[in-house]
Structures are given as structure tokens and as C-alpha cells.
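Enquirer: Each chain is listed here by its residues.
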Amino acid sequence: MREYLLASHSNMARGVKDSLELIMGKQENVYTLCAYVQSDYDLESEIINFLKAHASSELIVITDLLGGSVNNEFLKLQPTFDYYLVTGLNLTLVLELVNSSNLSAKEAIDKAVLSARKALLNCAELTVSKSEDEF
Amino acid sequence: MIKLMRIDYRLLHGQVAFAWTNFLGVNAILIANDKVAHSNFRKKTLSLAKPSGVKLIFKTVAESVQAINSGVTDKYKVFVIVETVKDAYELVKNTEQINDINVGLVASRPETQEIAKSIYVTVEEIKQLVEVEKQGVNVIIKQAPNDGDVRFSSLVKDRG
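Taken in sequence, the protein lines are chains A and B. Numbering of the first sequence is given in my numbering, commencing with residue 416 and proceeding in unit increments. Numbering of the second sequence is given in my numbering, commencing with residue 6 and proceeding in unit increments.
So here's chain A without its partners, still in its complex pose (with noise of 0.2 Å):
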């Protein structure tokens, strides 16, 4: 089963979660990792835990911030373990991809990331088609 991990500085993946959730029922193959909640953290321990874990399973990782130092730790270890690695952690990304599972996983990224990234407007900018749909 393919499964999702949701991982942000403090608690943005558990309220996206919750998001997704209220949306679509409960998602059971839906993790997340909420980065310095508590004051001794060790991301990497954390990070490589969850990783070792979910070994026999196809693995996306969803993180907050290019750049972030949540991000920096998954790139880091995309040498060593397997999994797809994807940032911008957003509600639309979200729905897209749990979505999409019965594209493969590389298509499904392809998919929600494309939808993401029109989805993020101005809405003063938006325009709708003037044309109706019909039977």
C-alpha cells in the first residue's frame, strides 16, 4: 500500500491532516511529522526511525519548505533509503495525490503538483470559462 508522510516545522502536517481528514474520512496510510514541537528533538533520529519503519512500503514525503531544514534532512537521505520526496505542503497537493492511487506514484506527484500549483492564485486573477457544460 502506498502511504503518505506529512512532515513540517511544528504542527502545520497534523493540521493538514486533520484538513484532509474532515474532507475525505479517515486516512490510514496518512503520517506526519511535526518538526521541534518538543525542545530536545533530534530530526534526523526521527526522520531515519520513521524511515526504517515504513522500509516495505512506497513512501511519499510531503514537507513544508524548500529549503527548510525538514526538507534538507529528507534530501539528505534520499542516497540511503527509498522514497519520493516532495515539498509544498498544501491542502490541494494533499487531496490530489490520495487521490491519485491508482496512477503510479511518479504520475500521481506529477498530477497533484501541476493541480498545487494552480491552484495558488490571486483570486483577483481568477477567470472561469464562460461555457456551460451539458449532457
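The set of hints was computed from the structure by calculation and includes no laboratory data. Don't be surprised by glycine CBs; every beta carbon is placed ideally from N, CA and C.
Stretch by stretch, here's where chain A covers chain B in the computed footprint (C-beta under 8 Å, at least three residues):
id: 1; stretch: 21-27
id: 2; stretch: 47-61
According to the in silico footprint, chain A covers these stretches of chain B (three or more CB under 8 Å from chain A):
id: 3; stretch: 77-83
id: 4; stretch: 149-159
Far from chain B, some chain A residues (derived; all Cβ distances over 12 Å):
id: 5; residue: 447
id: 6; residue: 451
id: 7; residue: 472
id: 8; residue: 492
id: 9; residue: 494
id: 10; residue: 524
Since chain A is already given, all that's left is putting chain B on it; use the hints.
Expert: The following block gives chain B in isolation, referenced to the frame of chain A:
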């Protein structure tokens, strides 16, 4: 064919657009609602939640009945969404293709009772849903697709 009709006063929103559409594997969503069919603004905002690869069609309840009976919906897998029990009842009574009703969100109004989380119905609405259930339509209370099925009649045995 009509895969499912959902009663949801918020019509097309995150849960419906993502979770239900994906779960049902439909390729057309029909919003059967008189007010929306006449409001370009509401059509525009609802279209923002439109999932890719799915047609989103707005019609009044009467036009929806007409479309379903004319056979134009037959070649699609259609997810019908209505706002109220009254509209759902109209559609079921005037067509022969709706076998499953999902009661999702029904708004609280005067003289309604909450029979399940976020589902408020009047005595009249309970009668209407029990009636269609007796005619063989499955009336199921369920928020998200992976929640358990609860039969409408099992909640209203002693009411109404």
C-alpha cells in the same frame, strides 16, 4: 446511468468534489437546483471545485427530470446533487433511474430535528424519505464515502 443522488445543502464542495466523485468513478455531476441554475455567480463559484475530467452540469429540478427521462444521461455515469429533501423527492418521484440516495448534509431550519450529525429534517421530509425507501430506493446516511452505511429508516422508526 445515475450512480447516486446526494442531498447536500452545500452542493459541490471539497468533500463532494474530491472524495465522492473519486469514490463513485463518475464522469458527470448534475447539480439539480432551481436557484443555482438561475445564478451565474453561484455557477461560477461551484465550477471552481469541478474535478478534472468530469462534466459539471447545472439544471433546474424540472429540467433535470426532463434530461434524465429523455435518455441523454444514459451514456454517462452521473452523480446528482440536490440541496433539499424536497428536490430529491421530486426527482425520485418523476424519474425511474434513481435507486440510491445518499443523505449527506441537510440544513437546520425551523421545525427540523437532528436525526444524525448535520442532518436536520422536518416530519414531512421524514415521511417523504420513508416513502421512497418503501418503494425500493436505498436511502443511506453517510458523510464521507468510507464512513459506514446507516439506513435512513433505522433512525426514524419512532419519529415522524
